[in-house]
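Add chain H to chain A, keeping to what the hints say.
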Amino acid sequence: EDQVTQSPEALRLQEGESSSLNCSYTVSGLRGLFWYRQDPGKGPEFLFTLYSAGEEKEKERLKATLTKKESFLHITAPKPEDSATYLCAVPQFMNSGGYQKVTFGTGTKLQVIP
Amino acid sequence: DSGVTQTPKHLITATGQRVTLRCSPRSGDLSVYWYQQSLDQGLQFLIQYYNGEERAKGNILERFSAQQFPDLHSELNLSSLELGDSALYFCASSVSGTGLYEQYFGPGTRLTVT
Chain A
788 EDQVTQSPEA LRLQEGESSS LNCSYTVSGL RGLFWYRQDP GKGPEFLFTL YSAGEEKEKE
848 RLKATLTKKE SFLHITAPKP EDSATYLCAV PQFMNSGGYQ KVTFGTGTKL QVIP
Chain H
30 DSGVTQTPKH LITATGQRVT LRCSPRSGDL SVYWYQQSLD QGLQFLIQYY NGEERAKGNI
90 LERFSAQQFP DLHSELNLSS LELGDSALYF CASSVSGTGL YEQYFGPGTR LTVT
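Line by line, the protein sequences give chains A and H. Numbering-wise, the first sequence is residues 788 to 901 according to our numbering. Numbering-wise, the second sequence is residues 30 to 143 according to our numbering.
Next comes chain A alone, as it looks inside the complex (with noise of 0.2 Å):
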């Protein structure tokens, strides 16, 4: 089965305290992948998608990018409020025929600090 790994498992960051995150993954033909952030009790919420090799996007303090073995999530100036867990996940082909399943890594929870 394709398996998705994030590290590191936690980070503590100072505030303005630039860093990465890392979501690599084992898939054959990878056809898209998500990151998602995750507060405590809630509902994931939906980040970005990339689909191919050198693709970027960005939103406000993230950027994520995408390698033919990995993504990055580049966290830069964090503020306290971009503490939450973050998800990675991508499709996963079926059995069955198609992408109908997702698999998602079990997350970086990332704490900044005032």
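No false leads were mixed into what you were given.
According to the in silico footprint, chain H covers these stretches of chain A (three or more CB under 8 Å from chain H):
#: 1; region: 817 to 824
#: 2; region: 888 to 897
Here are the computed distance ranges between Cβ atoms for each label pair:
#: 3; chain 1: H; residue 1: G113; chain 2: A; residue 2: D789; range: 19 to 27 Å
#: 4; chain 1: A; residue 1: G841; chain 2: H; residue 2: A43; range: 49 to 57 Å
#: 5; chain 1: H; residue 1: E111; chain 2: A; residue 2: K855; range: 39 to 47 Å
#: 6; chain 1: A; residue 1: E804; chain 2: H; residue 2: G45; range: 48 to 56 Å
#: 7; chain 1: A; residue 1: S805; chain 2: H; residue 2: T49; range: 40 to 48 Å
#: 8; chain 1: A; residue 1: E804; chain 2: H; residue 2: T49; range: 42 to 50 Å
#: 9; chain 1: H; residue 1: E111; chain 2: A; residue 2: K850; range: 37 to 45 Å
#: 10; chain 1: A; residue 1: Q801; chain 2: H; residue 2: A43; range: 40 to 48 Å
#: 11; chain 1: H; residue 1: A43; chain 2: A; residue 2: G828; range: 17 to 25 Å
#: 12; chain 1: H; residue 1: Q73; chain 2: A; residue 2: K850; range: 23 to 31 Å
#: 13; chain 1: A; residue 1: P827; chain 2: H; residue 2: G81; range: 31 to 39 Å
#: 14; chain 1: A; residue 1: S807; chain 2: H; residue 2: E91; range: 36 to 44 Å
#: 15; chain 1: A; residue 1: Q790; chain 2: H; residue 2: P37; range: 31 to 39 Å
The hints are simulated quantities; they were obtained by calculation from the structure and are not laboratory data. Glycine included, every Cβ here is placed at the ideal spot set by N, Cα and C.
Leaving out everything else, chain H in the frame of chain A:
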């Protein structure tokens, strides 16, 4: 607000009982996904429906079943409940029946089995 609604928000029940969780997708979305999220695990895909038909199954137990109605709302039925079924249950909707488009998640139903 994602536009996806789930009821109830909280549910407390006893072992052996049966419960029904309800989800209404975003306007215009035909696909509904159900996920289970336990404290020590990530988001686990359960089942997907598209326009009333089951499209894909994940790690869904035989005690669990779901359906999508003509008005596109979906229900997840959990029976013979066990302590280990305590978790957050999310539904998500998407415009497409494939996993190649972003999903929008509801606020979740927190199920506690005592």
